[in-house]
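2 protein chains.
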Amino acid sequence: MASVKTKIAKPINVLIIDDHKMVRDGLKVMLGSLKQFMQFSVFEAESGEEALKKKDFNAIDLMIIDYNMPGMSGAETVFAVLRSKPEMKILALSNYSELPYIQNMVDAGAKGYILKNIEPAEMLRAIKTILSGNKYFSNEVAIKLLDEQEEKTMQKIRLQKFITPRENQVLQMIAREMTSKQIGEQLFVNSRTVDSHRRNLTKKLNAKNTVGLIKIAYKLNLIEE
Amino acid sequence: MASVKTKIAKPINVLIIDDHKMVRDGLKVMLGSLKQFMQFSVFEAESGEEALKKKDFNAIDLMIIDYNMPGMSGAETVFAVLRSKPEMKILALSNYSELPYIQNMVDAGAKGYILKNIEPAEMLRAIKTILSGNKYFSNEVAIKLLDEQEEKTMQKIRLQKFITPRENQVLQMIAREMTSKQIGEQLFVNSRTVDSHRRNLTKKLNAKNTVGLIKIAYKLNLIEE
DNA sequence: CAAAAACTCCGTAGAAATACGGATTTTTTA
DNA sequence: TAAAAAATCCGTATTTCTACGGAGTTTTTG
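Order-wise, the sequence lines are chains A and B.
Numbering of the first sequence is given in this note's numbering, commencing with residue 10 and proceeding in unit increments.
Numbering of the second sequence is given in this note's numbering, commencing with residue 10 and proceeding in unit increments.
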């Protein structure tokens, strides 16, 4: 039997994919500073393409991938990696906390999204969370996500001052796929009246046709369902 | 000049609003455990109504409000509080990390949203963040928000297998408020062809009319913009 | 109370969408 | 390569939507 001198926790194999050496170095230092809690063996790649060619690809436990890189983007890299190894744990790293970026990475299959200003303690938490099969997102990311929603609400409030209650009601009914005739019957008014409301709405909301109305209604969450 | 024996940081006045004594007590204990970092003077209210009647209302620095309470709901309480004191810092507390709940509280004006399983360290971070004028959300909350998005994406993928590429293309153009005629011109096909696609889409997606198409397209994020 | 805003109704017409049923050509795929 | 799926085109007919202009009634509001 092989002798085991000390009990050593198996190090985590981390592959850092980023085109900037500085970022890679910074990450290495940060991971090193966590060695009392977790040991890391750090591998590096300057691009998604390079990462995919790594021979020790299968030994990697965790990948940290930058969002924007020349050549394959972060999202493309994530996608490509997961195609060859679906269970790979991937942490997306970015400067941006805007929804579209996050969305891209998460859609591609990243299990977490952190910002570059992350503190070591949070990094440790992020890595632990992801390695245990869960997802991790920086709080700032959450804030951005909700701000998005908040903006919608504001717009909605502004708009609902702009369109009259009746118009609002008609809009909701249009959104339920009802025709002017049906709406008129339900509201006990002439279908031509409904047409008038419809026309006013189209003008007020600056829409070309009913499709435009629905789009606005959707954007502003005027549609329940 | 008055004598100052020891340098004492001014305690933060916290009002806890929750109908369950147990939760209030638990919070008090947790806040007490943070005294080495921050001093709290804890006030309590069993309901939104009671909170609004507090005479030391104006001395409160931070409110922690439970989501579901008999009588005024958490969101209503938040809204009412902010009407009389718009700059009040409010932290929403809940068992639920579902979007609609979070949405309600944030819309009402809560500056943060934490779950009841929060750890003291995170609580401290949340309070600090909010008192400094920022927003704070538990990570689990962020995950839920993104899962929501992910589900959409899955649906989208499923659906895009169902509708043909051409149909998808036509759908996008319909969503741009284009008529069949215009679409036909742009795709160099007869407008009747577009009508056929439109008809097939309506049937496949089980919509009554164009409005239904757009609704589905929107739900599934098929529409860029 | 007077003015403004919102809601209502209507005529005429043309454009667009929907319904139904088919047929041909092209492309994909087993 | 044969079958299936997708994309194309078309005829007929009806319904719905959009456009333009006008006008009466009710409600809201300063």
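Calculated directly from the structure, the hints in this document are not laboratory data.
Check before you lean on any hint, since a few could be wrong.
When chains are identical, the list treats them as one kind, so a pair holds in a single copy or across two.
[As the list claims (entries may be wrong)] Straight line, CA to CA, 20 Å or less: simulated SDA-like cross-link-like pairs of lysine to any residue:
no. : residue 1 : residue 2
1   : Lys62     : Ser82
2   : Lys63     : Phe52
3   : Lys190    : Leu124
4   : Lys125    : Asn218
5   : Lys228    : Met182
6   : Lys144    : Leu124
7   : Lys44     : Lys228
8   : Lys137    : Pro20
9   : Lys63     : Ser82
10  : Lys228    : Gln112
11  : Lys217    : Gly193
12  : Lys190    : Gly35
13  : Lys137    : Ile152
14  : Lys137    : Met31
15  : Lys63     : Arg92
16  : Lys217    : Asn77
17  : Lys137    : Lys153
18  : Lys228    : Glu159
19  : Lys161    : Ile232
20  : Lys161    : Phe88
21  : Lys62     : Pro174
22  : Lys153    : Leu140
These are the hints, each one checked on the structure:
{"no.": "1", "hint": "Lys62 - Ser82", "verdict": "within (16 Å within a copy, 56 Å between copies)"}
{"no.": "2", "hint": "Lys63 - Phe52", "verdict": "within (10 Å within a copy, 59 Å between copies)"}
{"no.": "3", "hint": "Lys190 - Leu124", "verdict": "neither (53 Å within a copy, 47 Å between copies)"}
{"no.": "4", "hint": "Lys125 - Asn218", "verdict": "neither (45 Å within a copy, 47 Å between copies)"}
{"no.": "5", "hint": "Lys228 - Met182", "verdict": "both (16 Å within a copy, 18 Å between copies)"}
{"no.": "6", "hint": "Lys144 - Leu124", "verdict": "both (15 Å within a copy, 16 Å between copies)"}
{"no.": "7", "hint": "Lys44 - Lys228", "verdict": "neither (47 Å within a copy, 46 Å between copies)"}
{"no.": "8", "hint": "Lys137 - Pro20", "verdict": "within (13 Å within a copy, 35 Å between copies)"}
{"no.": "9", "hint": "Lys63 - Ser82", "verdict": "within (17 Å within a copy, 56 Å between copies)"}
{"no.": "10", "hint": "Lys228 - Gln112", "verdict": "both (18 Å within a copy, 16 Å between copies)"}
{"no.": "11", "hint": "Lys217 - Gly193", "verdict": "between (22 Å within a copy, 18 Å between copies)"}
{"no.": "12", "hint": "Lys190 - Gly35", "verdict": "neither (66 Å within a copy, 57 Å between copies)"}
{"no.": "13", "hint": "Lys137 - Ile152", "verdict": "between (22 Å within a copy, 15 Å between copies)"}
{"no.": "14", "hint": "Lys137 - Met31", "verdict": "neither (24 Å within a copy, 31 Å between copies)"}
{"no.": "15", "hint": "Lys63 - Arg92", "verdict": "within (15 Å within a copy, 59 Å between copies)"}
{"no.": "16", "hint": "Lys217 - Asn77", "verdict": "neither (37 Å within a copy, 43 Å between copies)"}
{"no.": "17", "hint": "Lys137 - Lys153", "verdict": "between (24 Å within a copy, 19 Å between copies)"}
{"no.": "18", "hint": "Lys228 - Glu159", "verdict": "both (12 Å within a copy, 19 Å between copies)"}
{"no.": "19", "hint": "Lys161 - Ile232", "verdict": "both (12 Å within a copy, 17 Å between copies)"}
{"no.": "20", "hint": "Lys161 - Phe88", "verdict": "between (31 Å within a copy, 18 Å between copies)"}
{"no.": "21", "hint": "Lys62 - Pro174", "verdict": "neither (61 Å within a copy, 33 Å between copies)"}
{"no.": "22", "hint": "Lys153 - Leu140", "verdict": "between (25 Å within a copy, 19 Å between copies)"}
Consistency note: the structure conflicts with the earlier hints numbered 3, 4, 7, 12, 14, 16, 21.
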